[in-house]
Amino acid sequence: MSTFFLFDAAMILEKSILVVVLFAITLTVAAYATFGERKIAAFIQDRVGPNRAGPFGLLQPLADGVKFFTKEDFMPNAAERWLYILAPGAFMFVACMTSAVIPWGTQLTLFGKPVDLQVTDLNIGLLYIMGFTSLGVYGIMIGGWASNNKYSLYGAIRASSQMISYELAMGLAIIAVVMLSGTLSLREMAEQQAGINWNIWYQPLGFLIFFTCALAECNRAPFDLAECETELIGGYHTEYSSMKLGFFLFAEYINMFIACAVIATVYFGGYNFPGLDPNWLGGLMGPVVMFAKTFFFIFVFMWIRWTLPRFRYDQLMRLGWKALIPLAILNMLLTGGGVLVFSN
Amino acid sequence: MQPLTNRSKLVVNKKMNFWERIYLPAILKGMWTTLKHFFRKKNTVNYPDEKRPFAPVWRGWHVLKRDEAGRERCTACGLCAVACPAEAITMTAAEREKGEEGLYREEKYAAVYEINMLRCIFCGLCEEACPKEAIFLTDRIVPSDYVRQNFIFGKNLLVEGVEPEKRIDVSMRQKHIQEPKWAVQQ
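These protein sequences, in sequence, are chains A and B. Using the working numbering, the first residue of the first sequence is number 1, and each one after it goes up by one. Using the working numbering, the first residue of the second sequence is number 1001, and each one after it goes up by one.
If you are wondering where the hints come from, they were derived from the structure by calculation, not from laboratory data. Errors might be hidden in some of the hints.
[What the hints assert, rightly or not] Below, a list of computed lysine-lysine pairs in the DSS-like style, where the Cα atoms sit at most 25 Å apart:
1) Lys-1132(B) / Lys-1166(B)
2) Lys-1014(B) / Lys-322(A)
3) Lys-39(A) / Lys-1029(B)
4) Lys-1166(B) / Lys-39(A)
5) Lys-322(A) / Lys-1015(B)
6) Lys-39(A) / Lys-1098(B)
7) Lys-1042(B) / Lys-39(A)
8) Lys-1132(B) / Lys-39(A)
Computed from a prediction, not measured in an experiment: that's the story for all the values here.
Based on the sequences and whatever the hints tell you, model everything.
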């Protein structure tokens, strides 16, 4: 009994430290993603971007944070008080939860003790991520509804219908990968893709579908019609100000970070890279490779945002229901046939 | 109808083919375009840190010149005020007293000389009208202000300093005005 508790305490401490570190990394990456977004936007438009705060403008996220905190925290008169306060927190909470099951590397040897670079290896890791990203709709929907504003409600309805319809195609694209790897655990999935044996070579169509859906899930351009400034004055966060707005915007960047990490893990071999053993440097090579891949996809997300114009609502629904879902089903059938033929 | 330029395109409502319908080639093409711009030289001038040189003929904040001995050149003849299409210039003439020979070049001078910078259109006609080479427009930008009254620039803001380092150099401008291109070619 006592040994059990001892073991448990050590594990809880280890995991807590990992959670805190991961949380800090997630927030830092999200903060610098806002900076990166502005820089990339500027570069694509032949500008230089923020360069006033600190060297190369590197302290810009800090300045933004201070600005958010010092802004007036306004609440509309007829807002649903508690839901209005709850929504940004719920959105942020859900966004931060998903990073728990992503394997950032193999193992790190600290104080002669191997430490898994993953908070928890759920055997339903992928389902967990899908579940939590679906919960993200609640934050948006509650926020949009509680603001008691027509534009907010429109934005919220658009965002939720979009996320719900694209989750279908996303799930169908994931099923094909699951059929190939035979597991829902992200760690096992990463282990199977050692070297260059990545899932993208077997699932190019699936990747394309998943990537498109990930863009839509993150409410990012060209699917950002839930918060288009021109039509909806910001969408579901029209009535939010100060750090509540900051939470919404920040959580979106966290969502993007996690989505890119999932893409890297599921389709691009996670911490594997040909010629680079993830156990090198005492296990630090894995996270380096993993983060490099994640940052590359974050860059692609931003690159797409500053290239493509926004979809119209009916176009979005047509693409989701009439193109992506049939394609995903086709991809699933082809994968099933392939697995049947090649495994026997 | 005859096209006006060779860039005109006939609009056709044709059906898109397969590759056009899946959008992907077009998206990749667009992303290639933005990527090229990503690595292109930036057009931005970091304004307060780096300033672009003004053209030698730039017409900004006026200066009332002094001569080599530091005496004001302006004799308050009023030709600039007459020439001014915006009626921005007013002045009051005064007679030079004994002992003021070091201050004013000729017997008459401008006791008050005011330019309303909100009226001024920076056309440079005052400069052209001046027979004494006293007024010039310079490459200094008139600073902004909150109060209209402060835009009426008096002699304290217009006359250049006596000390050599406070003199305002208009030699480029004089050269340009006195020797236009056609004159040099002769």
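Taking each numbered hint in turn, which are not upheld by the structure, reported in ascending numerical order? 4, 6 and 8
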